[in-house]
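Given the sequences, and given the hints that come with them, work out the whole structure.
Chains as they are written, first to last, in the UniProt record's numbering: chain A, 1 to 320; chain B, 1 to 320.
There may be inaccurate statements among the hints.
To be verified - EDC-like, lysine to aspartate or glutamate: derived pairs with alpha carbons at most 16 Å apart:
| id | chain 1 | residue 1 | chain 2 | residue 2 |
| --- | --- | --- | --- | --- |
| 1 | A | K184 | A | D121 |
| 2 | B | K267 | B | E113 |
| 3 | A | K302 | B | D38 |
| 4 | A | K303 | B | D38 |
| 5 | A | K291 | A | E309 |
| 6 | B | K110 | B | D168 |
| 7 | A | K303 | B | E7 |
| 8 | A | K296 | B | D38 |
| 9 | B | K184 | B | E113 |
| 10 | A | K94 | A | E288 |
| 11 | B | K303 | A | D38 |
| 12 | B | K134 | B | D223 |
| 13 | A | K302 | B | E7 |
| 14 | A | K294 | A | D318 |
| 15 | B | K302 | A | E7 |
| 16 | B | K187 | B | D121 |
| 17 | A | K296 | A | E309 |
| 18 | A | K184 | A | E258 |
| 19 | A | K296 | B | E7 |
| 20 | B | K302 | A | D38 |
| 21 | B | K294 | B | D318 |
| 22 | B | K296 | A | E7 |
| 23 | B | K296 | A | D38 |
| 24 | B | K303 | A | E7 |
Claimed, not checked - Restraint ranges, calculated between C-beta atoms of paired labels, are given here:
| id | chain 1 | residue 1 | chain 2 | residue 2 | range |
| --- | --- | --- | --- | --- | --- |
| 25 | A | T106 | B | F311 | 41 to 49 Å |
| 26 | A | N8 | B | T65 | 30 to 38 Å |
| 27 | A | E250 | B | Y161 | 58 to 66 Å |
| 28 | A | A15 | B | S251 | 17 to 25 Å |
| 29 | B | D55 | A | N8 | 28 to 36 Å |
| 30 | B | A15 | A | G115 | 39 to 47 Å |
| 31 | A | N201 | B | G305 | 28 to 36 Å |
| 32 | A | S285 | B | Q312 | 51 to 59 Å |
| 33 | B | H154 | A | D223 | 48 to 56 Å |
| 34 | A | V254 | B | G305 | 39 to 47 Å |
| 35 | B | D55 | A | Y161 | 19 to 27 Å |
Honestly, the hints are just simulated from the structure, not real lab data. No residue lacks a Cβ here, since even glycine has one placed at the ideal position from N, Cα and C.
Protein chains: 2
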Amino acid sequence: MKDLTTENITENVHAINSQCQNPRTRYIFERLVSHLHDFARETRLSTDEWMTGLDFLTDVGTISTDLRREMILLSDTLGLSALVDSIDHPRTGKSTEGTVLGPFHTHDAKEVENGYAIHKDPDGTPLLVLCTVKDTEGNPLGGVQIDVWEGDSHGNYDVQYPERDGPDGRGILFSEQDGTFWFKAVKPVSYPIPMDGPVFNMLQMLGRHPNRPGHVHFLLRKDSFDPLITALYPRGDPYESSDPVFGVKESLIVDLSEVTDPEMAKKYDVKEGTSLLTYDFVLVSTRETLKLRKEKAEEAIKKMGRSMEDFQGLPILDVD
Amino acid sequence: MKDLTTENITENVHAINSQCQNPRTRYIFERLVSHLHDFARETRLSTDEWMTGLDFLTDVGTISTDLRREMILLSDTLGLSALVDSIDHPRTGKSTEGTVLGPFHTHDAKEVENGYAIHKDPDGTPLLVLCTVKDTEGNPLGGVQIDVWEGDSHGNYDVQYPERDGPDGRGILFSEQDGTFWFKAVKPVSYPIPMDGPVFNMLQMLGRHPNRPGHVHFLLRKDSFDPLITALYPRGDPYESSDPVFGVKESLIVDLSEVTDPEMAKKYDVKEGTSLLTYDFVLVSTRETLKLRKEKAEEAIKKMGRSMEDFQGLPILDVD
Chain A
1 MKDLTTENIT
11 ENVHAINSQC
21 QNPRTRYIFE
31 RLVSHLHDFA
41 RETRLSTDEW
51 MTGLDFLTDV
61 GTISTDLRRE
71 MILLSDTLGL
81 SALVDSIDHP
91 RTGKSTEGTV
101 LGPFHTHDAK
111 EVENGYAIHK
121 DPDGTPLLVL
131 CTVKDTEGNP
141 LGGVQIDVWE
151 GDSHGNYDVQ
161 YPERDGPDGR
171 GILFSEQDGT
181 FWFKAVKPVS
191 YPIPMDGPVF
201 NMLQMLGRHP
211 NRPGHVHFLL
221 RKDSFDPLIT
231 ALYPRGDPYE
241 SSDPVFGVKE
251 SLIVDLSEVT
261 DPEMAKKYDV
271 KEGTSLLTYD
281 FVLVSTRETL
291 KLRKEKAEEA
301 IKKMGRSMED
311 FQGLPILDVD
Chain B
1 MKDLTTENIT
11 ENVHAINSQC
21 QNPRTRYIFE
31 RLVSHLHDFA
41 RETRLSTDEW
51 MTGLDFLTDV
61 GTISTDLRRE
71 MILLSDTLGL
81 SALVDSIDHP
91 RTGKSTEGTV
101 LGPFHTHDAK
111 EVENGYAIHK
121 DPDGTPLLVL
131 CTVKDTEGNP
141 LGGVQIDVWE
151 GDSHGNYDVQ
161 YPERDGPDGR
171 GILFSEQDGT
181 FWFKAVKPVS
191 YPIPMDGPVF
201 NMLQMLGRHP
211 NRPGHVHFLL
221 RKDSFDPLIT
231 ALYPRGDPYE
241 SSDPVFGVKE
251 SLIVDLSEVT
261 DPEMAKKYDV
271 KEGTSLLTYD
281 FVLVSTRETL
291 KLRKEKAEEA
301 IKKMGRSMED
311 FQGLPILDVD
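Here is the structure:
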């Protein structure tokens, strides 16, 4: 632990961290320190650049509040959030793909009935969202909790208004026994990520635009099923193929239609001609998720030329 | 930019970031994103672990102020600071080694005369610090600016006292024409890194102790010479070989002696028997530093199997 050089310091940090009792934490720090050090060695990071980076991370922390999650936004814009979602929630061909949670999910949305209008927004173009939830065998799933949230017609989420006095553009629904759920929303519009923070400044420096294609967020949860964090993107948005947070997937792009049937308009209490978003969500079981996750973990660890053990469902290195 | 998977997302993030005009920034982000993504893939980072990490970084930012640099402390405890110092300030055998700046350097220290007592601390054991500064040819260097800072006899820096009303335990000196400088300090004691923040909690989780061996910090600057950020550690500290911030180097450990000569005691205005710390600092020229830095950068980039170009003294990838 003395006479540390650019070459031997990594092994020394590993040695001191190996005192950690939790093997999963030990493994995470071993990889974290190796990559952090290799990053510095490969870039020959200068003291000025290092300080710029630390100041930037400090600023991201300082501007954060419970309602402004700038660190999530940073992770989103570096592609880390999309990656972690795809690692933690592996999908089969049959099940709905996940995407980034984003920085605008809150924990204060209210439970509401199907048919609820989630927005107060008087300027939005009305949109009826009518969906089903099934398992991978095609059986309808009732009692699924569905947390939905969406920006308004001006491209702002409720948390972006300083005068916010409670949730708006949000709601927590439950699917009926036939697997259906529905609510009234507004037609999503594209919007920039918050432009008054360090992450926007980073995008500017990188020559990237800040505009996300319009979408509606969904978080579906039911016991024995893997939680599904996802979003639906109406087709044709100009930012569809350059999303700054890497959230768009082809399978999550939807073609909007209209409510043309008068019976249907009556049933869902909307005007004829109202825009309509329909989607069939498919949840994958917890059991299948654990199996898929383990298979993919084994592949990844093997690719590193190492072998793994399982620790509470997550990999640790096999040290034998 | 659609249908991103755990495998192709990294290339897609590189593609969008390649719009950046500055080749050095482009290179840094290419390496940053590659390592960040490999870290997630190799650990199979879970959503819960990812959120724990983001919340931790947010907390490190939130607790930070101009006088409390928790993000530097995080970098210190992961060995990154020591590594960046050794990359940015390569040393030859002749020149004094650098070490971590640490989180307690401030920008409000006052310029003082040689002989100044930097502490008000009435409880400290008096220490005379008497040093020289030379170039690698052995020529004395006058007019070197030397920023010194040190904790007090209770193991606290001035910035750790809530009632702080100005700098204490700090001073900015200048070497005389014969290369000497001297000041009155207190015998350094070991002390824990701040125990009320997220970085301390991280060390606890890792089973690591928080105690730094006692030391005095020095930051030496002179035109045409590479700045030297270093510290001196009196030999025999119980934490000498397990410094939580990886700052100790054998060449920076010093044997304290005592002022025994009555003439010397009179000259430096200290009592006979006062503890004495002496050291001969050797600065390396800017020119030699640039040369060494470039050689080591070329080696490192070659090790990655790539080739480099020079951009304002720092490496970028040769894309031809």
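For each hint, the structure was consulted:
{"no.": "1", "hint": "A/K184 - A/D121", "in the structure": "holds (11 Å)"}
{"no.": "2", "hint": "B/K267 - B/E113", "in the structure": "holds (14 Å)"}
{"no.": "3", "hint": "A/K302 - B/D38", "in the structure": "holds (14 Å)"}
{"no.": "4", "hint": "A/K303 - B/D38", "in the structure": "holds (11 Å)"}
{"no.": "5", "hint": "A/K291 - A/E309", "in the structure": "holds (14 Å)"}
{"no.": "6", "hint": "B/K110 - B/D168", "in the structure": "holds (10 Å)"}
{"no.": "7", "hint": "A/K303 - B/E7", "in the structure": "holds (12 Å)"}
{"no.": "8", "hint": "A/K296 - B/D38", "in the structure": "holds (14 Å)"}
{"no.": "9", "hint": "B/K184 - B/E113", "in the structure": "holds (11 Å)"}
{"no.": "10", "hint": "A/K94 - A/E288", "in the structure": "holds (12 Å)"}
{"no.": "11", "hint": "B/K303 - A/D38", "in the structure": "holds (11 Å)"}
{"no.": "12", "hint": "B/K134 - B/D223", "in the structure": "holds (14 Å)"}
{"no.": "13", "hint": "A/K302 - B/E7", "in the structure": "holds (15 Å)"}
{"no.": "14", "hint": "A/K294 - A/D318", "in the structure": "holds (14 Å)"}
{"no.": "15", "hint": "B/K302 - A/E7", "in the structure": "holds (15 Å)"}
{"no.": "16", "hint": "B/K187 - B/D121", "in the structure": "holds (11 Å)"}
{"no.": "17", "hint": "A/K296 - A/E309", "in the structure": "holds (13 Å)"}
{"no.": "18", "hint": "A/K184 - A/E258", "in the structure": "holds (13 Å)"}
{"no.": "19", "hint": "A/K296 - B/E7", "in the structure": "holds (11 Å)"}
{"no.": "20", "hint": "B/K302 - A/D38", "in the structure": "holds (14 Å)"}
{"no.": "21", "hint": "B/K294 - B/D318", "in the structure": "holds (14 Å)"}
{"no.": "22", "hint": "B/K296 - A/E7", "in the structure": "holds (11 Å)"}
{"no.": "23", "hint": "B/K296 - A/D38", "in the structure": "holds (14 Å)"}
{"no.": "24", "hint": "B/K303 - A/E7", "in the structure": "holds (12 Å)"}
{"no.": "25", "hint": "A/T106 - B/F311: 41 to 49 Å", "in the structure": "holds (44 Å)"}
{"no.": "26", "hint": "A/N8 - B/T65: 30 to 38 Å", "in the structure": "holds (34 Å)"}
{"no.": "27", "hint": "A/E250 - B/Y161: 58 to 66 Å", "in the structure": "holds (59 Å)"}
{"no.": "28", "hint": "A/A15 - B/S251: 17 to 25 Å", "in the structure": "holds (21 Å)"}
{"no.": "29", "hint": "B/D55 - A/N8: 28 to 36 Å", "in the structure": "holds (32 Å)"}
{"no.": "30", "hint": "B/A15 - A/G115: 39 to 47 Å", "in the structure": "holds (43 Å)"}
{"no.": "31", "hint": "A/N201 - B/G305: 28 to 36 Å", "in the structure": "holds (34 Å)"}
{"no.": "32", "hint": "A/S285 - B/Q312: 51 to 59 Å", "in the structure": "holds (55 Å)"}
{"no.": "33", "hint": "B/H154 - A/D223: 48 to 56 Å", "in the structure": "holds (55 Å)"}
{"no.": "34", "hint": "A/V254 - B/G305: 39 to 47 Å", "in the structure": "holds (44 Å)"}
{"no.": "35", "hint": "B/D55 - A/Y161: 19 to 27 Å", "in the structure": "holds (25 Å)"}
Consistency with the previously given hints is maintained throughout, with no hint failing.
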